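Visitor: Okay, here's what each chain looks like letter by letter:
2 protein chains.
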Amino acid sequence: MSIFKLVGKKNKARLGKLKTLHGEIETPFFMSIATSGFIKGLTTDEMREIKAPVILSNTYHLMLRPGEKLIKKAGGLHKFMNWRGPILTDSGGYQVFSLAKFRKISDSGVKFKSGIDGKEYFLTPKKAIEVQQDLGSDIMMVLDECVENPASYSVAVEAVERTTRWAKVCKEVKSQKEKVKSDKLKVKKQLLFGIVQGSLYKDLRKKSAEDLIKIDFDGYAIGGLAVGEGKSEMYKMVEYAAQLLPENKPRYLMGVGYPEDIVKAVSLGVDMFDCVIPTRNARHGMLFTDLKNINLKKGIVKYKALHIANEKYKEDFKPIDKNCDCELCRNYSRSYLRHLFMSKSFLGQRLATLHNLRFYIKLMNEIRALLK
Amino acid sequence: MSIFKLVGKKNKARLGKLKTLHGEIETPFFMSIATSGFIKGLTTDEMREIKAPVILSNTYHLMLRPGEKLIKKAGGLHKFMNWRGPILTDSGGYQVFSLAKFRKISDSGVKFKSGIDGKEYFLTPKKAIEVQQDLGSDIMMVLDECVENPASYSVAVEAVERTTRWAKVCKEVKSQKEKVKSDKLKVKKQLLFGIVQGSLYKDLRKKSAEDLIKIDFDGYAIGGLAVGEGKSEMYKMVEYAAQLLPENKPRYLMGVGYPEDIVKAVSLGVDMFDCVIPTRNARHGMLFTDLKNINLKKGIVKYKALHIANEKYKEDFKPIDKNCDCELCRNYSRSYLRHLFMSKSFLGQRLATLHNLRFYIKLMNEIRALLK
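Going down the list, the sequences are from chains C and L. Residue numbers for the first sequence follow our numbering, beginning at 173 and rising by one. Residue numbers for the second sequence follow our numbering, beginning at 173 and rising by one.
Mixed in with the good hints, there may be bad ones.
Put simply, identical chains are the same to the list, so a pair is met inside one copy or across any two.
In the DSSO-like style, the derived pairs of lysine-lysine whose C-alpha atoms are separated by at most 30 Å in a straight line are [stated by the list, open to error]:
#, residue 1, residue 2
1, 273, 343
2, 245, 476
3, 223, 490
4, 403, 534
5, 223, 494
6, 486, 298
7, 251, 223
8, 283, 244
9, 534, 251
Honestly, the hints are just simulated from the structure, not real lab data. Nothing here was measured: the structure is a model prediction, and the numbers come from that model.
I would like the entire structure built from these sequences, with the hints used as guidance.
Guide: The structure is reproduced here in structure tokens:
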């Protein structure tokens, strides 16, 4: 029984269905970021209200605080955070490389110190899977090595080779676990995705994709993009990498992006997205509004960015977006939201976050509607 | 037609009904604090969900930001903040004395500088009423002079005399306004309360109450308590001041307090309360739980204070309060709330605030039930 079903296709853009332990999700979809087991400022009731289909949590953050063993005791991440829908967890690799205070990489894994209490950790491919099994996420990611762009060819080669070696270990650890009878049922249903690296080098992307496909994962991510390169370079590499991947498996572009990036990537054949932009920008008073003209053939979309601190909204008693059905737009004016931000109230950040996530969910709804 | 109706009485404790422009409220009641036109972290939808009957906003804060003229343009404070229930606004007096950067008091009013932008303001009794009329609150308070305890007799005398003079002006300004035909309907329905001062001097409390009763207000507040004196002194003065006030008018003890203070004051004949304790303590991770044994005869109550940062809650997967119906207690564990606080997430503060306000609302429900 296939976990991913391609339902429709227009040019390269794909409409599909992905089965997980916590329900089926229509692709393309966007995952809201619940880094440490919570969406900053929002409750899971609210996430259900805005019809968020799936969320993403960060293994690195949860491993450091409150710890995967505590979450396992709580009955898993879903129960701990009261989220009944699917959860994807990253492997912690990206955060170790970008956030950890001190790190030492070797072929067996990455040694690093916690930014919270200085405690030393050793993240190996095996450990990354074990932690994600403790969390009980629906979609696990392999431990990869992500390099910033621009990267020299030799650095990129090394990262690709290590990523492949680690991916093999991750798959083996999962397979071993599946043989343990008591864990069988649950472990089998957790999906595992490989991550294609290779920086901006086509031959390395090709090699990475081919190696991972041989190992055989439930889905494939395109990693190492939106990490320093320009947009046109990113789009070119997404286009190239997407066509390397099997038609019958979901494709996930990690950490991307603005609505135009998502529409573009969908038009290039990508199915899954996550990004901090809607939530982080909301906390800075930037709201997405007036979504229109999604064109999947050209890979473009129109919308407006409303900066609520702007003086011109001081006496603007209209809603943020008259076509939005979120709590902010239903109940409060631009003038009031501006007052909340000027007062440095976290209620303002909360309402803006809710609105932006609802915007992204509607964006994905409309993208899928165009593919039906 | 009387705006306040005494429905029942047990010893000194009173059950009543207060009519306002935005509906009738059963007394005794507690007003949640929406200082600058918002409850810190909560939406008005949530305030309705937890069945908050009435809120309090601060004239001083709203006058400085966003300004009463903006709120008037928005259609009044109710519309601006999307709150359909009653609102009481204080006069700004207390804040001018406790918060303003620079202040110069004279018989005509108080000159002070805004802590936000240094702008100079002149708050007079007339201005205090005009601002509250612009805000459109249901219950307005007179401008008073509140002194900290302990206060010398001469300082207390001066404050009482000035409070009476200013109270007269406030009443006159309101009466004048009521004669202006276009404003007639709305202005008439706004209630105006006098504020009894007199520090801890019985003779001054008596004089203050008698002077204010002569002016004739819709209700009477007991001010100048919980400002430095001990609890037993406060209770003594509440007991003394309450019996000075007319039976047929609501009595409001300003800025008090913990559940035990409220139960005590109800037992002494007080009908209305407001305090920052449930919201401020929530933001510091202190949660009220296990409400029981309200005794209005003795003026006592039992409950527990749960400090969520405590290590013992780390792996405590029980709800904060198993008898509570708030979103926090329905959906999340102590362990999870602790994780939110350890992560310095404002979601933790938000959920704790919701819980504590729900606790206070239930406290008042149970108090009223005992009076029925």
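Visitor: Taking the hints in turn, state whether each one holds.
Guide: How the hints compare with the structure:
1. 273 / 343: within (29 Å within a copy, 65 Å between copies)
2. 245 / 476: Cα proximity of residue 245 and residue 476: across copies only (26 Å, versus 45 Å in one copy).
3. 223 / 490: Answer is both: 25 Å inside a copy and 28 Å across each meet the 30 Å cutoff.
4. 403 / 534: within (24 Å within a copy, 55 Å between copies)
5. 223 / 494: both (19 Å within a copy, 28 Å between copies)
6. 486 / 298: Result: close only across copies, 27 Å inter versus 54 Å intra.
7. 251 / 223: Intra 19 Å, inter 28 Å, cutoff 30 Å: intra and inter.
8. 283 / 244: within (23 Å within a copy, 60 Å between copies)
9. 534 / 251: both (27 Å within a copy, 28 Å between copies)
Of the numbered hints given earlier, the model fails none.
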